[in-house]
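4 protein chains.
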Amino acid sequence: MFHLVCSHLLLHKSPRSYLPTMSGITTLCQPHQKRNLSFDGIFPALPTPFDKDENIDFDALKKNLARWEKIPFKGYVVGGSYSEAPSVDPGERLAIVKETRKVISDSKILIGGSSCLSTKATCELSKSMGEAGADAVMVLLPFYYRTRLNEEAIIDHFTTVANASPVPLVIYNNPLTTGVDIPISAYIKLAAHPNIVAVKDGDVSKLSGTKLATHEHNFAVLSNGAGFLVSAMVAGAVGSINSLGAILGETVCEVHQLVSSGQYDEAIQLQMKLVEPDLMLRMTGHSVPGMKAAMDILGYYGGPVRKPLQPLNNSDREKVKECLKKSGFI
Amino acid sequence: MFHLVCSHLLLHKSPRSYLPTMSGITTLCQPHQKRNLSFDGIFPALPTPFDKDENIDFDALKKNLARWEKIPFKGYVVGGSYSEAPSVDPGERLAIVKETRKVISDSKILIGGSSCLSTKATCELSKSMGEAGADAVMVLLPFYYRTRLNEEAIIDHFTTVANASPVPLVIYNNPLTTGVDIPISAYIKLAAHPNIVAVKDGDVSKLSGTKLATHEHNFAVLSNGAGFLVSAMVAGAVGSINSLGAILGETVCEVHQLVSSGQYDEAIQLQMKLVEPDLMLRMTGHSVPGMKAAMDILGYYGGPVRKPLQPLNNSDREKVKECLKKSGFI
Amino acid sequence: MFHLVCSHLLLHKSPRSYLPTMSGITTLCQPHQKRNLSFDGIFPALPTPFDKDENIDFDALKKNLARWEKIPFKGYVVGGSYSEAPSVDPGERLAIVKETRKVISDSKILIGGSSCLSTKATCELSKSMGEAGADAVMVLLPFYYRTRLNEEAIIDHFTTVANASPVPLVIYNNPLTTGVDIPISAYIKLAAHPNIVAVKDGDVSKLSGTKLATHEHNFAVLSNGAGFLVSAMVAGAVGSINSLGAILGETVCEVHQLVSSGQYDEAIQLQMKLVEPDLMLRMTGHSVPGMKAAMDILGYYGGPVRKPLQPLNNSDREKVKECLKKSGFI
Amino acid sequence: MFHLVCSHLLLHKSPRSYLPTMSGITTLCQPHQKRNLSFDGIFPALPTPFDKDENIDFDALKKNLARWEKIPFKGYVVGGSYSEAPSVDPGERLAIVKETRKVISDSKILIGGSSCLSTKATCELSKSMGEAGADAVMVLLPFYYRTRLNEEAIIDHFTTVANASPVPLVIYNNPLTTGVDIPISAYIKLAAHPNIVAVKDGDVSKLSGTKLATHEHNFAVLSNGAGFLVSAMVAGAVGSINSLGAILGETVCEVHQLVSSGQYDEAIQLQMKLVEPDLMLRMTGHSVPGMKAAMDILGYYGGPVRKPLQPLNNSDREKVKECLKKSGFI
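Chains as they are written, first to last, in my numbering: chain X, 66 to 395; chain R, 66 to 395; chain A, 66 to 395; chain H, 66 to 395.
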């Protein structure tokens with residue numbers, strides 16, 4: 066796996082600087098190695114199953130994975146927002162990576178969210194993620210001090226983590242949570258780093274603009290939702306990391322396949338089935354509790370959420386059911 | 066024209082209520098009349114030309130219009146954000162509608178922005194807009210009291226204006242300016258009103274969701290930008306109201322035509338030329354001053370902005386030029 | 066009155082440029098003239114009374130004024146947020162100034178809100194306000210293009226209006242509405258302008274900081290609320306422009322008087338009566354509709370609001386009553 | 066110490082519910098025990114000293130504490146925003162509590178920030194904080210899922226943590242960071258909990274309103290800044306948790322003492338010295354890096370910050386120096 070090839074290079078940092086204005090960036094891995102990791106497909110953001118005492122239920126995880134493995138996903142993300150990562154401590158997050166790696170096929174790319182609130186902790190967790198079997202890490206801005214996160218601080222954070230990480234880094238932009246929208250200019254600079262390989266964003270204009278400006282860097286732009294997958298792909302996204310994949314993965318993969326093969330009209334039509342479930346999770350604000358409710362309804366293990374999240378009340382749970390019924394999924 | 070057909074009906078309001086929870090909504094025009102106004106195309110948001118004393122330069126407007134008339138636009142918007150409408154008083158806005166109507170061909174749909182800070186003033190300006198020759202009015206939320214604008218207040222505002230307006234109403238959502246993002250649920254309710262015919266929004270998920278939920282209402286969803294036009298159209302938009310059309314209209318119309326005829330790959334490729342100019346205007350924040358600078362460069366009359374807007378400095382003006390050059394427009 | 070002394074100077078503007086980088090601020094009126102206008106007291110923000118058709122009810126205004134004139138206010142503000150100024154057109158605003166000026170005693174300072182969405186329109190309305198009898202104008206940021214309002218644009222706006230206005234200008238900071246919090250550094254620069262005499266802000270730290278940095282400029286800092294009047298005055302405010310004064314003016318003036326005479330403990334105790342009514346209007350969000358409901362309850366004319374504002378429902382109206390009862394006002 | 070008295074009671078939870086609408090709240094400690102912890106004074110928020118490798122420098126901490134112990138503080142806060150708590154892992158935070166407890170006098174109240182991103186982790190860290198020697202814990206909202214934090218979720222979080230914590234809980238409201246401003250209604254409900262003893266907030270209106278509504282609960286309201294201490298105290302705050310205390314503690318304590326003894330005019334005058342340093346840290350945005358720079362200048366150990374925070378550049382460091390000089394501290 067890529068991180069094995071790469072990690073020994075940590076001992077032999079090249080002195081050459083990639084970005085003239087950021088003196089501390091050096092080569093961890095050779096640029097051509099970026100090519101080894103393809104993001105051309107669907108990566109569901111996997112929820113973390115808890116039992117009623119809020120402990121991780123690894124059996125439930127395995128059962129869910131067994132079902133997900135039948136869907137032609139490109140890979141998986143664990144430790145993201147929809148995994149309740151902020152409520153799952155680093156040790157637990159690593160255990161999930163290890164257990165997931167055991168169950169899934171070798172061909173699947175496993176991305177581990179390694180975001181922590183400091184750069185230091187994110188570096189450490191990224192190292193451990195690589196050792197635990199993640200093929201890449203996904204990193205959010207450390208948002209606590211968001212009023213201090215100017216472009217220089219943003220670039221320094223991702224560069225420092227990418228330098229420390231034995232596996233490639235995927236930038237995760239989530240302005241709704243962090244309160245900071247990473248500017249395109251930062252993506253363009255970061256794309257030149259040999260160990261930064263992709264960005265996940267939800268703004269189609271930014272996806273196009275980033276694609277256009279980074280085409281020489283083997284840098285992938287990924288959509289953060291599945292309800293507008295066709296829109297994202299015509300804007301330049303090669304794949305998508307999204308929560309909808311974990312519950313309606315077959316359809317999401319089929320839409321991706323249709324666009325990939327140029328069958329736009331069929332893709333547009335099929336995507337319409339995903340629009341309302343996607344809005345339900347994202348805009349109606351059902352979020353993680355809604356996703357877990359949908360999983361329960363569809364025969365996956367959804368189960369409880371960890372506080373401070375609150376479970377859906379019965380009325381909202383009923384709305385989730387109606388939405389899935391109306392869209393033809395039950 | 067539609068507003069002539071419609072306006073006499075104001076005398077014969079039907080008593081039937083369309084939306085049970087909104088008792089005041091009555092039929093101005095019969096639902097089938099909505100069909101008379103097609104939004105299937107590009108509507109540039111026309112800037113208001115000022116002379117160096119900040120007075121409106123109608124000669125410059127006519128010269129610009131003469132050039133715009135050679136482009137296959139579906140119609141025009143005057144009195145929007147990119148027209149500096151908040152800085153143009155109602156009398157001036159009406160004069161612009163009248164002058165524009167005289168110059169443009171009859172087949173072009175002329176949309177006049179009639180947004181004011183109160184419902185009352187918006188009703189009055191909407192009436193005058195219809196009399197002045199506008200085929201439709203475009204209405205923003207009255208954003209001063211935004212913390213009070215719950216869904217009920219939002220629906221009441223648009224319904225009251227639509228009841229008063231002799232011409233159909235286009236909802237204009239601009240959360241960046243108003244601080245309120247009109248929810249899809251409001252669009253869906255408002256789409257049932259016989260005199261509300263379209264919405265302009267920039268979120269592709271909302272475009273899809275609105276399209277899906279309002280398909281029985283002859284209600285058009287329109288994109289508010291041109292840099293992601295293909296994305297918006299595959300998400301359900303039939304057309305677009307945008308500032309880019311005023312400077313790069315030929316290309317914007319060509320992208321629309323390509324998507325309309327199913328030539329997606331060609332559309333995607335051509336749209337790439339528009340991505341950076343669009344980002345320049347919207348994300349880099351050059352906004353109206355940047356648009357006017359681009360017009361000057363491209364041989365239109367751009368000219369000064371009205372305060373509180375500030376003109377671009379030379380360095381930013383140079384960036385606009387470079388962007389247009391890099392994208393192949395000069 | 067001050068504006069008479071000042072206005073003739075408008076005919077003799079120096080041709081030299083007023084603001085190259087702020088160093089160029091020159092005297093429209095001599096600095097010592099600032100001293101003529103004292104803000105040392107309470108200025109209620111007067112609501113605009115409407116009849117049931119949303120027209121201005123001047124009789125109701127006069128009745129209210131007759132009662133307010135019995136309270137030892139320093140002056141009045143018309144045309145502010147609590148006057149529903151955004152929903153009252155410039156002609157109506159001027160008529161209110163004229164009618165108010167006729168009724169109130171000569172010693173009262175009448176401040177007219179002259180905020181419009183463009184600098185040009187604000188200059189024009191400021192001129193008319195002076196002619197109509199206002200002793201000063203109160204000016205908000207033109208908030209539509211708020212993302213473009215950097216410090217330079219902010220300073221340019223206020224300076225341009227102050228240069229044009231025949232009467233002194235009071236800066237009105239309302240970040241909740243405008244989305245822009247005017248920085249202290251802008252206050253400090255603007256305080257040097259001979260025709261800018263005060264600022265109204267709600268942040269006690271900014272009040273202190275401004276007081277400290279502008280002490281040589283005869284520039285008054287004013288609080289924008291009455292529920293924390295003691296806090297604002299110990300932070301440096303000499304007076305306050307607030308909505309609570311219009312309904313509970315006697316108590317607000319008494320608190321001001323107690324602090325002015327050094328009776329802090331008595332002031333603190335009395336202010337406690339105002340805390341809940343103030344929170345009710347501001348934080349509970351009852352805002353203008355709540356203020357008008359309270360006026361109705363207390364024997365003033367409150368009456369309807371103009372749309373897009375919605376009247377309080379009965380339950381909320383009852384809460385306003387309970388709050389006034391609990392605080393000992395009915 | 067209080068937490069010893071209290072912790073054994075964990076074995077004997079009373080079944081009676083304090084808040085009818087929140088069924089899960091039970092008595093950990095008897096209500097009268099709230100009285101044992103007085104917040105009537107100044108609590109500096111202590112920065113965490115790092116060496117150049119970003120490791121905690123405990124020797125520097127001890128040297129700083131030796132100096133702070135000469136100032137009549139009521140106690141200390143470690144593990145807050147100005148301690149870079151989000152960048153200091155739980156083990157490190159506990160070590161700081163232990164080391165601090167060893168050095169400071171028994172009479173000082175030691176408050177340990179135990180905020181984590183999940184309720185579960187916050188409960189666990191609160192327990193450990195009590196065991197490590199903290200007299201109270203200070204808890205922020207778990208802000209990652211802020212869009213889901215309605216009043217019910219907020220109350221559930223603080224109640225769950227207060228139930229689990231062996232030592233009393235101080236609510237910490239920091240809307241700038243969390244994006245959620247805890248409403249007064251939540252404070253009022255939470256104040257009834259026997260193990261919730263204080264709130265730290267920066268809005269003087271909210272301080273007054275909370276004081277008024279919770280007076281029967283032995284619940285302290287605390288200011289979160291020192292530059293407006295007099296304003297906060299006249300609004301009802303008995304004390305203050307603030308960063309300025311760590312650098313200019315003598316003056317901050319003196320202002321508190323002057324207000325406490327009714328010498329308002331002297332307090333107002335003295336506080337003026339603190340206004341600019343306070344604005345420098347909070348509004349100018351120098352924040353933690355600015356605080357550490359000021360410490361270096363004043364002879365404390367300030368030292369480096371942990372990433373993602375960036376150190377001040379030389380120009381900003383010079384401004385900090387000028388500010389301290391201008392205010393008479395160097």
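One or more hints might be untrue.
Pairs count within a copy or across copies, as identical chains cannot be separated in the list.
What the hints assert, rightly or not - As a list, the in silico DMTMM-like pairs of lysine to aspartate or glutamate whose alpha-carbon atoms are at most 20 Å apart:
1. K173 / D381
2. K372 / E217
3. K391 / E189
4. K135 / D361
5. K386 / D246
6. K167 / E216
7. K117 / E189
8. K128 / E281
9. K390 / E164
These aren't lab readings, by the way, just hints derived from the structure by calculation.
Tested hints:
1. K173 / D381: neither (34 Å within a copy, 46 Å between copies)
2. K372 / E217: between (34 Å within a copy, 12 Å between copies)
3. K391 / E189: Neither, since 45 Å and 42 Å both go past 20 Å.
4. K135 / D361: Intra 18 Å, inter 58 Å, cutoff 20 Å: intra-copy only.
5. K386 / D246: neither (33 Å within a copy, 26 Å between copies)
6. K167 / E216: neither (39 Å within a copy, 41 Å between copies)
7. K117 / E189: Close across copies (18 Å), not inside one copy (31 Å); limit 20 Å.
8. K128 / E281: Answer is neither; intra-copy 41 Å and inter-copy 42 Å both fail.
9. K390 / E164: Close neither inside one copy (33 Å) nor across copies (53 Å); limit 20 Å.
Consistency with the previously given hints fails for numbers 1, 3, 5, 6, 8 and 9, ordered from lowest to highest.
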